[in-house]
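**Student:** If you read the sequence shown in UniProt numbering, its first letter stands for residue 1, the second for the next number, and so on.
Note that these hints are calculated values from the structure, not bench results. We treat Cβ as the ideally placed atom computed from N, Cα and C, and that holds for glycine. A hint or two may mislead.
As the list claims (entries may be wrong) - FRET-style restraints, in silico, Cβ to Cβ:
(1) 187 - 381: 51 to 59 Å
(2) 283 - 130: 21 to 29 Å
(3) 334 - 283: 14 to 22 Å
(4) 37 - 230: 16 to 24 Å
(5) 37 - 247: 28 to 36 Å
(6) 227 - 40: 18 to 26 Å
(7) 315 - 379: 47 to 55 Å
(8) 176 - 126: 17 to 25 Å
(9) 62 - 182: 22 to 30 Å
(10) 315 - 48: 19 to 27 Å
(11) 381 - 137: 47 to 55 Å
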Amino acid sequence: MSDEPRDATATAATDADAEVTGGLGDRWASFRDREISTVLLTVVGVAVFPFLFNNFLDGYTQLATLVLIYGIFAVGFDILLGYTGLLSFGHAVFFGGAAYAAGIFSASVSSSPLLVLLAGTVFAVLMAWIVGFLSLRRGGIYFAILTLTFGQMSFYLAASPLAFLTNGENGFTSVDIGHLLGVIDIHGGVPFPLSMLVDNMLYVFVAVMTVLSVAMANRILHSPYGTVFRAIRENERRAEFVGLDVWRYKLMAFIISAAFAGIAGSLFTIEGNYVPLESLYWTESGRIVIMTVLGGVGSLFGPLFGAGLYLYIENIVSGFPTLGPFWHLILGIVFVVAVVVFPNGIWGGIEYSQDRIMAAIRFTRENGIKAALRYAVDLIVRKVKAVFQRISSIPTRLLGGEDK
Numbered sequence: 001m002s003d004e005p006r007d008a009t010a011t012a013a014t015d016a017d018a019e020v021t022g023g024l025g026d027r028w029a030s031f032r033d034r035e036i037s038t039v040l041l042t043v044v045g046v047a048v049f050p051f052l053f054n055n056f057l058d059g060y061t062q063l064a065t066l067v068l069i070y071g072i073f074a075v076g077f078d079i080l081l082g083y084t085g086l087l088s089f090g091h092a093v094f095f096g097g098a099a100y101a102a103g104i105f106s107a108s109v110s111s112s113p114l115l116v117l118l119a120g121t122v123f124a125v126l127m128a129w130i131v132g133f134l135s136l137r138r139g140g141i142y143f144a145i146l147t148l149t150f151g152q153m154s155f156y157l158a159a160s161p162l163a164f165l166t167n168g169e170n171g172f173t174s175v176d177i178g179h180l181l182g183v184i185d186i187h188g189g190v191p192f193p194l195s196m197l198v199d200n201m202l203y204v205f206v207a208v209m210t211v212l213s214v215a216m217a218n219r220i221l222h223s224p225y226g227t228v229f230r231a232i233r234e235n236e237r238r239a240e241f242v243g244l245d246v247w248r249y250k251l252m253a254f255i256i257s258a259a260f261a262g263i264a265g266s267l268f269t270i271e272g273n274y275v276p277l278e279s280l281y282w283t284e285s286g287r288i289v290i291m292t293v294l295g296g297v298g299s300l301f302g303p304l305f306g307a308g309l310y311l312y313i314e315n316i317v318s319g320f321p322t323l324g325p326f327w328h329l330i331l332g333i334v335f336v337v338a339v340v341v342f343p344n345g346i347w348g349g350i351e352y353s354q355d356r357i358m359a360a361i362r363f364t365r366e367n368g369i370k371a372a373l374r375y376a377v378d379l380i381v382r383k384v385k386a387v388f389q390r391i392s393s394i395p396t397r398l399l400g401g402e403d404k
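Hey, can you work out the whole structure from these sequences and the hints?
**Tutor:** Next up, the structure:
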């Protein structure tokens with residue numbers, strides 16, 4: 001007799017999962033998919049982020065600003081990796097190159113923040129056209145290695161042959177950032193009531209750029225270009241068969257991704273008034289890969305979460321007396337756990353939890369609290385078993401065996 005209620009509960013739970021598309025879940029999905037909704041959610045997020053970050057997570061405004069800068073970088077990188085399926089290990093050439101271009105432009109031509117931002121972004125786009133034109137002749141691991149090679153070439157060029165421009169190993173220290181629109185001190189304070197949330201005008205400027213970048217990425221991904229990018233990711237050969245110029249679209253994805261890196265690199269220069277040589281090193285490219293995968297490839301907001309978690313561990317956790325020396329280990333553990341438990345990253349886990357909450361609300365309304373509790377327990381048990389099965393299969397995969 002005890003088996004019948006359990007079977008009925010499981011059947012009802014399955015039906016509830018299949019019918020989540022109605023009611024509250026359907027309305028939320030409809031709201032979330034609108035372009036204006038994406039912009040509004042981003043505005044709210046960047047507005048409350050420094051307040052929550054500084055007051056509840058032991059953060060500070062400069063780090064919150066860096067999170068948004070690297071978030072822009074990661075959002076652009078995800079267009080290439082998550083939506084087009086191209087893995088680049090040399091994106092530091094666009095981030096660091098734009099940072100240097102912006103710094104040199106500020107010292108030699110104009111200190112206007114908007115012109116500095118434009119100069120760095122244009123430089124990154126031009127570099128992406130050259131690097132992409134050469135690298136995209138090959139695919140897979142060869143493409144990744146070629147981009148890594150170009151990144152390291154740029155690092156060594158900045159370190160020695162071009163030291164008369166870049167100041168070599170000491171980094172570029174002659175950055176000169178003037179007033180925004182000639183009147184606003186970008187490194188000054190903010191007026192009331194913005195001062196209730198943030199105490200730095202630079203954060204406001206970066207936050208505006210973040211909202212514009214997310215809106216632009218969302219528009220690209222929901223355009224025909226975004227559809228083609230996803231088609232190339234899913235099956236490049238089929239995309240060629242239907243008449244698409246795959247190489248040209250991959251080059252455009254590469255250039256668009258580099259443009260976001262250029263925006264981030266330029267903002268990095270404006271934020272720090274200094275360009276370190278390490279901004280061109282291969283580890284910078286590795287960091288953005290980790291941030292993107294940690295947050296969730298193939299998602300719009302996931303890279304922002306990944307950048308925030310990475311920088312929090314690197315800058316806050318590393319300062320703890322007992323945990324500081326092991327922050328690399330902690331980051332590795334967090335990365336492994338996130339990948340094992342949430343294969344689609346942090347944002348994928350958030351979306352999965354959201355879907356489950358909607359399912360739970362609907363199921364409870366239709367079947368009662370007791371049935372919902374039984375279903376919740378069954379669900380947790382199934383998920384725990386799935387995680388352990390995934391972990392136990394790792395040695396088999398490493399040895400080249402097949403999962404059974």
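**Student:** For the range 19 to 27 Å, tell me whether the beta carbons of residue 315 and residue 48 fit it or not.
**Tutor:** For residue 48 against residue 315, whose Cβ atoms are near 20 Å apart, the range 19 to 27 Å holds.
**Student:** Take the C-beta atom of residue 187 and the C-beta atom of residue 381, compute their distance, and say whether it sits inside 51 to 59 Å.
**Tutor:** With Cβ atoms ~54 Å apart, the hint holds.
**Student:** Are residue 62 and residue 182 spaced within 22 to 30 Å by their CB atoms?
**Tutor:** holds (25 Å)
**Student:** Holds or violated: the 18 to 26 Å window for the beta-carbon distance between residue 227 and residue 40?
**Tutor:** holds (24 Å)
**Student:** Mind checking the hinted window 17 to 25 Å against the Cβ distance between residue 176 and residue 126?
**Tutor:** Roughly 23 Å apart at Cβ, these two residues keep to the hinted range, so it holds.
**Student:** Cβ-Cβ distance between residue 315 and residue 379: within 47 to 55 Å?
**Tutor:** violated (36 Å)
**Student:** Is it true that residue 37 and residue 230 lie within 16 to 24 Å of each other by Cβ?
**Tutor:** Once the Cβ atoms are compared, 21 Å apart, the range 16 to 24 Å for residue 230 and residue 37 holds.
**Student:** Are residue 37 and residue 247 spaced within 28 to 36 Å by their CB atoms?
**Tutor:** holds (35 Å)
**Student:** That 14 to 22 Å hint for residue 334 and residue 283 (C-beta), does it hold up?
**Tutor:** holds (18 Å)
**Student:** In this structure, is the beta-carbon distance linking residue 283 and residue 130 contained in 21 to 29 Å?
**Tutor:** holds (23 Å)
**Student:** Starting from the range 47 to 55 Å, see whether the pair residue 381 and residue 137 falls in it by beta-carbon distance.
**Tutor:** holds (51 Å)
Comparing the model with each earlier hint shows a violation of hint 7 alone; every other hint is respected.
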